[in-house]
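Start counting at 1 in the sequence shown, then tack on 274, and there's your number in this note's numbering.
Treat the hints as calculated values from the structure; they're not laboratory data. Heads up, some of the hints might be wrong.
[What the hints assert, rightly or not] Derived DSSO-like pairs (lysine-lysine); straight-line CA-CA distance at most 30 Å:
id : residue 1 : residue 2
1  : 315       : 289
2  : 289       : 364
3  : 335       : 289
4  : 315       : 300
5  : 357       : 293
6  : 293       : 364
7  : 311       : 300
8  : 364       : 329
9  : 300       : 329
10 : 364       : 311
11 : 357       : 329
12 : 357       : 315
13 : 311       : 289
[To be verified] Cβ pair distances, simulated, as ranges:
id : residue 1 : residue 2 : range
14 : 345       : 365       : 20 to 28 Å
15 : 365       : 311       : 19 to 27 Å
16 : 365       : 334       : 15 to 23 Å
Virtual Cβ for every residue (Gly too), placed ideally from N, Cα, C.
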Amino acid sequence: MTAIEGMIWRVFGSKNHIKVLMFLHKLSRVRSDTTMKELEKRTGISRATLVRIVKDMSRAKIVMIRGATKGQVITILNTPQRKIIWNFIKDFEKSFYMYR
275 MTAIEGMIWR VFGSKNHIKV LMFLHKLSRV RSDTTMKELE KRTGISRATL
325 VRIVKDMSRA KIVMIRGATK GQVITILNTP QRKIIWNFIK DFEKSFYMYR
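Make a model of the complete structure from these sequences and hints.
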């Protein structure tokens, strides 16, 4: 876990949630959707845990889930909630690198 992820973890709590948030944050610079399979592969989190995390993020209106159970596509939404978290991550990144 990087120092930035560590700081965010202290605020949000779950290490697995942070892994998924950071992956989605980095992914959002390139594209706005991914699959459960890619999330599982890139984050190293079990599928059962990912399902719970993605449902939490869906309720928070950060992502939207489309498709059947096997081929679920997770789309990063452009909502105020997502923008707040992304800005929060960016602010942590800026403050971390500015005060090194």
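Measuring from beta carbon to beta carbon, are residue 345 and residue 365 in 20 to 28 Å? 35 Å, violated
Sort out whether residue 293 lies within 30 Å of residue 357, counting only the CA atoms. Answer holds: residue 357 to residue 293 is near 17 Å, not above 30 Å.
Distance restraint between residue 293 and residue 364, which requires alpha-carbon spacing of 30 Å or less: At roughly 15 Å apart (the allowed maximum being 30 Å), residue 364 and residue 293 satisfy the hint.
Given the hint that residue 311 pairs with residue 300, test it: the Cα-Cα distance must not exceed 30 Å. 17 Å, holds
Taking 30 Å as the top limit, are the C-alpha atoms of residue 364 and residue 311 close enough? 27 Å, holds
Under the criterion that the straight-line Cα-Cα distance not exceed 30 Å, is the pair residue 357, residue 315 satisfied? 25 Å, holds
Is residue 311 within 30 Å of residue 289, Cα to Cα? 19 Å, holds
Given the hinted pair residue 357 and residue 329, is their Cα-Cα distance within 30 Å? Measuring from Cα to Cα gives roughly 18 Å; hence the hint holds.
Could you say whether the range 15 to 23 Å given as a hint is met by the Cβ separation of residue 365 and residue 334? Between residue 365 and residue 334, where Cβ atoms are some 19 Å apart, the hint holds.
Please verify whether residue 289 and residue 364 have alpha carbons no more than 30 Å apart. Holds - the C-alpha atoms of residue 364 and residue 289 are around 18 Å apart, at most 30 Å.
Pair hint outcome, residue 335 versus residue 289 [Cα-Cα no greater than 30 Å]: Between residue 335 and residue 289 the Cα gap is close to 20 Å, so the pair holds against 30 Å.
Within a Cα-Cα threshold of 30 Å, do residue 300 and residue 329 meet the stated pairing? Judged against 30 Å, a Cα distance of about 20 Å means the pair holds.
Of the numbered hints listed earlier, those contradicted by the structure are 14, 15.
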